[in-house]
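Spelled out, the chains give:
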Amino acid sequence: MSVQHYYPSQFKQQASDALANQTLRSNFRGAMDYLQQKRKDAFSDPQELAQLREHAENIRQRCLSKLPQLLEQLEKNCQANGIQVHWAEDAKQAQQLIAELIQSQGATKVVKGKSMVTEEIELNQHLEGLGIECVESDMGEYIVQLAKETPSHIIMPAIHKNKQQVADLFKQHIKDFDYTLSVDKLIQTGREALRTKFKQAEVGISGVNFAVAETGTLCLVENEGNGRMTTTVPPVHIAVTGIEKVVEFLSDVPPLFSILTRSATGQHITTYFNMISGPRRAPERDGPSEVHLVLLDNGRSQAYADEALRKTLQCIRCGACMNHCPVYTRVGGHAYGTTYPGPIGKIISPHLQGLAQTSDLVTASSLCGACEEVCPVKIPIPSLLQRLRHDAKLPAAEQTPSLKGQASAASWTEHTAWRMWAWLSTHPSIYNWAMAVGVKLAKYLPMPMGEWTRCRNKPELASQTFHQTMKRRASKSVTRSATGGAR
Amino acid sequence: MSQTGLRIYPSKPSKVYFYATCLLDLLDPDGGIAAIELIEREGVEVIWVEKQSCCGQPAYTSGYQEQAKTVALSQMALFPEDHPIVVMSGSCAGMMFKHYPHLFANDDIYADQAEAFAERVFEFSEFLAHICRAKLHDQGPLTSVVLHTSCSGRRELGIHASSQALLSQLDKVELKKAEYESECCGFGGSFSLRHSEISQAMVEDKARHLQGSGASYLVSADWGCLANINGHLAYRGEASRFNGQHLASFLWQRTKGAKA
Chain A
292 MSVQHYYPSQ
302 FKQQASDALA
312 NQTLRSNFRG
322 AMDYLQQKRK
332 DAFSDPQELA
342 QLREHAENIR
352 QRCLSKLPQL
362 LEQLEKNCQA
372 NGIQVHWAED
382 AKQAQQLIAE
392 LIQSQGATKV
402 VKGKSMVTEE
412 IELNQHLEGL
422 GIECVESDMG
432 EYIVQLAKET
442 PSHIIMPAIH
452 KNKQQVADLF
462 KQHIKDFDYT
472 LSVDKLIQTG
482 REALRTKFKQ
492 AEVGISGVNF
502 AVAETGTLCL
512 VENEGNGRMT
522 TTVPPVHIAV
532 TGIEKVVEFL
542 SDVPPLFSIL
552 TRSATGQHIT
562 TYFNMISGPR
572 RAPERDGPSE
582 VHLVLLDNGR
592 SQAYADEALR
602 KTLQCIRCGA
612 CMNHCPVYTR
622 VGGHAYGTTY
632 PGPIGKIISP
642 HLQGLAQTSD
652 LVTASSLCGA
662 CEEVCPVKIP
672 IPSLLQRLRH
682 DAKLPAAEQT
692 PSLKGQASAA
702 SWTEHTAWRM
712 WAWLSTHPSI
722 YNWAMAVGVK
732 LAKYLPMPMG
742 EWTRCRNKPE
752 LASQTFHQTM
762 KRRASKSVTR
772 SATGGAR
Chain B
-17 MSQTGLRIYP
-7 SKPSKVYFYA
3 TCLLDLLDPD
13 GGIAAIELIE
23 REGVEVIWVE
33 KQSCCGQPAY
43 TSGYQEQAKT
53 VALSQMALFP
63 EDHPIVVMSG
73 SCAGMMFKHY
83 PHLFANDDIY
93 ADQAEAFAER
103 VFEFSEFLAH
113 ICRAKLHDQG
123 PLTSVVLHTS
133 CSGRRELGIH
143 ASSQALLSQL
153 DKVELKKAEY
163 ESECCGFGGS
173 FSLRHSEISQ
183 AMVEDKARHL
193 QGSGASYLVS
203 ADWGCLANIN
213 GHLAYRGEAS
223 RFNGQHLASF
233 LWQRTKGAKA
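Quick mapping for you: the protein sequence lines, in order, are chains A and B.
When we follow the numbering used here, the leftmost residue of the first sequence carries the number 292, and every step to the right adds one.
When we follow the numbering used here, the leftmost residue of the second sequence carries the number -17, and every step to the right adds one.
Treat the hints with care, as some may be off.
Derived PhoX-like pairs (lysine-lysine); straight-line CA-CA distance at most 25 Å [to be verified]:
1. B:LYS241 to B:LYS117
2. A:LYS357 to A:LYS367
3. B:LYS80 to B:LYS154
4. B:LYS(-3) to A:LYS762
5. A:LYS331 to B:LYS158
6. A:LYS476 to A:LYS466
7. A:LYS669 to A:LYS357
8. A:LYS749 to A:LYS303
9. B:LYS158 to B:LYS117
10. A:LYS357 to A:LYS695
11. A:LYS731 to B:LYS33
12. B:LYS241 to A:LYS767
13. A:LYS488 to A:LYS439
14. B:LYS(-3) to B:LYS238
15. B:LYS238 to B:LYS117
16. A:LYS466 to A:LYS488
17. A:LYS488 to A:LYS476
18. A:LYS400 to A:LYS439
19. A:LYS329 to A:LYS669
20. B:LYS80 to B:LYS(-6)
21. A:LYS762 to B:LYS238
22. A:LYS303 to A:LYS462
23. B:LYS33 to A:LYS762
24. B:LYS159 to B:LYS117
25. A:LYS400 to A:LYS462
26. A:LYS303 to A:LYS731
27. A:LYS749 to A:LYS767
28. A:LYS329 to B:LYS159
29. A:LYS454 to A:LYS476
30. B:LYS241 to B:LYS(-3)
31. A:LYS669 to B:LYS80
32. B:LYS33 to A:LYS767
33. A:LYS767 to B:LYS80
34. A:LYS331 to B:LYS241
35. B:LYS(-3) to A:LYS767
Quick partial rundown of chain B residues pointing at chain A, CB under 7 Å, derived from the structure [to be verified]:
36. ALA2
37. ILE180
38. TYR217
39. GLY219
Hints in this document: simulated from the structure, not taken from any laboratory.
Quantities reported herein were computed from a predicted structural model and do not represent experimental measurements.
Ideal Cβ placement from N, Cα and C applies to all residues, glycine included.
Just chain B, with the same shape it has in the complex (with noise of 0.2 Å):
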């Protein structure tokens, strides 16, 4: 398997997968479809496979691995052909590229199949950024905007610097940095659940730092921090424009006048 920071990519393919993620599918469609329009608009035809559902990553981090490994099977027999798949989220590509391959290592049947499936996933921002490698034409007013970067995103997959190399095309956005920038928000899946004390402590600090950087606005390449971030800056009734979107939604609003 390819390292982090090491990965060498394939060059510009006429079509790809879409995998949404189960968090995208219920919070942010829109986001969805903001990506395919930045895919597409590369000139890449989009599959939407319909039968998709989720990675599995839930139950993995939960210590269910045989329940994740009978999702993983399903959801990786839904992309027989060899395009890559496009993630929507870092976790979700993390889940995808680096632990399939782990969950399936001693297994005699599909342990080729999870290397080779992991192979072929990239994440959003990764195959925009280097894949594509997109050219951004900012066609909005001048504001500025802090990346909240997913760890596994980040260590996984290293993705902070694609969704960082992304908004510094946007030549009228100013992009922030927070303080503890590569530091978790507290989500961390049923963590927010088990120890929801500590979470609290962290997604308090993580907004607080998000918004200690002055920026307009908030975006991540994933619904898991996003609804974390989100959901405590409402608590505290300081959501307003200021609510975190996808990388995609950004992107695109920004840039959706503007030819590839």
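Here chain A stands alone, though its shape is the one from the complex (with noise of 0.2 Å):
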């Protein structure tokens, strides 16, 4: 199976794509739309709100600002759990360390309970060459894996597809599938399909929401039932996360989960929580008799190295940033090119993936701060970006610690021409004797005039400036000053 593939180096490309694909444009627009609606509904008092979210942001900061403490804690405690818990630095070492565990069972069969980190080390394809069938259990995973691709949305994979497309997607792979576009009768037929999965499956692996130091618990954060049924059925549980998902104690789960339920899709709480504490224990009857815990960095200690940067792992993966996104609303996930897409991709890809591939993702915003604005946990994404941005083009200061790619998108003209522009902007007799030629000349620019003119008349300049407006205006006043300066 070769999944569709994206690339962040691609985004220009890919984006266009997209703007050219209406069907693509409408169902992200009715479903941003939707989302949006929840979220507003779920948070009704704007006080209350402000309050929760600074709860959130020092719950985050906290327990990141003892990460590796944290770290050790929750190893320790997971293990005196009965949890094997194993520390990966990077994708190829995760995929292995997975792979091994499996084939140690023996197991050829694998269900997945959806783990976007899974999808950043690139798990299933890794699986896939072994010999290793791993089927995805959440129904929009399940639904991109059908149809050869990865997720388009955090917590909402398959938001791009609307339900004519996944008619289509069963009746092409499922067996006597009875056609139709209801939505209730295609989720029982997917529901079915992957209730065979279960029982077949030797080995669930799943994502973790909250990692909690104090109790050595994983908590999993679910509406089907599949993160309960592939952590409990298979004989084997192996769950996966980032290192910066670990929490301090058990009382910061609730408040994180209940604003991270409510940022993502409206709802107070979710169908299903899970609290996985070990392995079955005796004389208990069901249960993995195996669990293991991967911890991986995979780039997320650089983020925690710089104290700024250090904020983009406050992320708790609702996707508002993306639901409130105009940016995404338009272009889909896929464009993006990366595991986590939207405006918190743009911010954590960099870390993942380097700033080479990247440096398009980290322009590819207005700094509107839709993304700031409904951000659970309060992290800075317009500020990122600007930081972002500002290392794509130039080398690391002595005092800051260097990010993979640090001025790969360095460009002497670029470089130059900022710098011409700061020594005008600071020149104030050449500067005003610059705009007033430039309006001067306005009328015989090019038309076209680049990138400005594909959908845009070139900008009607004033016959003169509002400096040599307000000449005329004191030379006429005699209240006024005509000597300039202050006045």
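Once you've looked at the hints, go ahead and assemble the two chains, each given alone in its own frame, into the complex.
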């Protein structure tokens, strides 16, 4: 099975293709409108929302501030609970580690509950290469897997598809499917197909929403029950998580859970909330006999090392920034070519894949701030984008840790242009002269003017600048000084 | 630094500095004059500093922080007295209010200066509504208007509320609402050039929604957005009188015969 691949370095072309796809654009607009409304309804009291966000931000910042200690504590307490803990520095190590765990069971059939981190390490493709079947058990992920695609949203992986497209996929892939456009019947069909897979699976793989250091508990947020099935039916459960998902106390979980689900889908709680605290114990009659936890770095400690960029790791993966982003709404998740799309993807992906691959992503924002406005843990996404834009263009200062791919988008001409601009802007008499000449010559500017006139006429400049206008105004008025300068 | 919506406003000063912004300088001198007339009518003396150029935002958002800092320092030096600085655009005011302190946060010499400067920065509609508490007397015929708010103005300063407050004082002007009111118009400075196709999709939608409001006039307190939206309306041959103007121009035209 070869999956349709998208790349962050191809962002412009992928965005262009997405913009030309009217079905895709209308699917996204509809879905995002719906999700925006759901979130709005879930937070009807702005004061309460402000308090919740502040609280959630504080929790995440406190936990991140002691991340190394909390990870050690988590490892110790998980082990005490009978969970086997493994560490992976990068995607390759994680792939190998998980594959070995599966192969040591002699297993060839795996089910996976939704886990973006296993998308990040391209686990499915790796396992397939080893002859291991890995079926996605989240309905949306199952749909995109059938379509040989990757998720286009971190919460709603198949949000780019409408029911017609899903029905067509089922017709193609599920035997005896009685063609229908009824959403209930489509879900039922998918569930029945998946039920067989759960029964056959020898290993279940899941993600983790919160890993509690205090108790060694792994929390999993979901709506379909597939997470519960994945983590309890097969005899072995492997949980995979990025190192940033650790929280200090069990009491940190409820406020984060509540703001996560309300930000994501407008739900106050989800249908299922799993707390996994180890393998089956005697005399329990169900549950896996082995539980493994894989802790993945994959660039996260690079973000951690820098005080400003560390805020990136506050993310609790609700997807609200995507749901409210005018760019994401128009191009959809695949255009980004990264596991985590949208605003949060633009600031996480440079750490995972390097700035050389992702420098187009960090500029693909009008910095409108809608993402920061809705982020439940108050990640200052626009400021971080500005920081990454800087890092993409220029080498690191001596006192700051260097990012992978720093200065990869450096351009001598661009740098020189900005230096000239700064010089001009700090030499008032020449600046004013240049602007005055500019407005005089504007009518001779060529039309079209590059990218600006793709959909706009060239700007209509005034016949004289405001500076010139004020000079005339001053000369007419006896009460005003005509000397210029500070009056 | 004050938080949006929680800003404590000083009482009306006797003098203010006027910051025109580079876009207003090039595109709309009349809007600048209108703003000065409105402020002077409130009994506040307006000081024009001729040496001003640009706030530094273009370099800042493009990743050239050193160049932005150079320009920011030169601008801060031009306003030495303790008067408020009235800025004619939400995004430039946002740059000075929010990002100057951020730019110099770790600077031993200029951090305090940038903080103090930021505290004196007020966007035009914010100044007129919250500090002058201007009472506007509408002199024009019945009409309707739709307001486009800039993202930085809205999210960094909360000035969409002050623009609305001023317009709603005009008793013969119906203030219409556009769908997706708080969504970006797609300008974003260099974004409109670097990612022009996405920018195009955004401005097309924005123009459609604004026109869909059915209003006769379009106003905004930000020339970045206006250049984008007007440019697109003109491209479609639909500019006519709906062509966006600065809030100051509209307010002055409606009230110029009136007394403060």
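Within a Cα-Cα threshold of 25 Å, do A:LYS454 and A:LYS476 meet the stated pairing?
Roughly 11 Å separates the two Cα atoms, so the pair holds.
Are the Cα atoms of B:LYS(-3) and A:LYS767 separated by 25 Å or less?
holds (20 Å)
Hey, A:LYS767 versus B:LYS80, does the alpha-carbon distance stay inside 25 Å?
Given pair A:LYS767, B:LYS80 is violated - Cα atoms ~37 Å apart, limit 25 Å.
Restraint check for A:LYS749 with A:LYS767, where alpha carbons must lie at most 25 Å apart:
violated (33 Å)
Quick one, are B:LYS(-3) and B:LYS238 close enough, alpha carbons at most 25 Å?
Holds, because 21 Å separates the two Cα atoms, which is no more than 25 Å.
Straight-line alpha-carbon gap B:LYS158 to B:LYS117, limit 25 Å:
Since the Cα atoms of B:LYS158 and B:LYS117 sit roughly 21 Å apart, the hinted pair holds (cutoff 25 Å).
Can you confirm whether the C-alpha distance between A:LYS731 and B:LYS33 stays at or below 25 Å?
holds (20 Å)
Do the alpha carbons of A:LYS762 and B:LYS238 lie within 25 Å of each other, as the hint requires?
With Cα atoms ~22 Å apart, A:LYS762 and B:LYS238 stay inside 25 Å; holds.
CA of A:LYS400 to CA of A:LYS439, is that 25 Å or under?
holds (19 Å)
Given hint A:LYS762 paired with B:LYS33 - CA-CA distance at most 25 Å
Satisfied, since the Cα-Cα distance of roughly 12 Å is no more than 25 Å.
Given the hint that A:LYS303 pairs with A:LYS462, test it: the Cα-Cα distance must not exceed 25 Å.
violated (33 Å)
Satisfaction of hint between A:LYS357 and A:LYS669, Cα-Cα up to 25 Å
holds (19 Å)
In terms of the numbered hints stated before, the structure departs from hints 3, 22, 26, 27, 33, 34, 39, listed from lowest to highest.
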